Amino acid sequence: MSTQYSTQWDSLAHIGYEFDLTGTGEPQLCFYNGYVADRDIIPPAKRDDAYVMPLGIETFAEAAIQTRGVIV
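Going by UniProt numbering, the first residue of the sequence shown is number 1, and it counts up by one from there.
No wet-lab data here; the hints were simulated from the structure. All values reported here derive from a predicted model rather than from experimental measurement. Heads up, some of the hints might be wrong.
[Claimed, not checked] Estimated spans, in silico, between C-beta atoms of each pair:
#1 I42 / A63: 14 to 24 Å
#2 T24 / A61: 33 to 43 Å
#3 I15 / R47: 16 to 26 Å
#4 P43 / T22: 19 to 29 Å
#5 R47 / Y17: 20 to 30 Å
Here a beta-carbon is modelled for each residue, glycine too, at the ideal position from N, C-alpha and C.
Please build the complete structure, drawing on both the sequences and the hints.
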């Protein structure tokens, strides 16, 4: 169970889950839309300042993001 619950996130890279993306039976950590940890989503300690995260807030302005509000 994820411990990060919020009414607002500043990017789609906050929550990752283990999932068998390749059908081999080996789960790997992935994020929204199949982005893979350590390949597509690089931890800050492993990247340089020029790196742009595919799911970071800086990419939201490039294309519209559509969401649906849910009231519980």
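Tested hints:
no.	hint	in the structure
1	I42 / A63: 14 to 24 Å	holds, 21 Å
2	T24 / A61: 33 to 43 Å	holds, 36 Å
3	I15 / R47: 16 to 26 Å	holds, 19 Å
4	P43 / T22: 19 to 29 Å	holds, 22 Å
5	R47 / Y17: 20 to 30 Å	holds, 22 Å
In the structure shown, no violation is registered for any of the earlier numbered hints.
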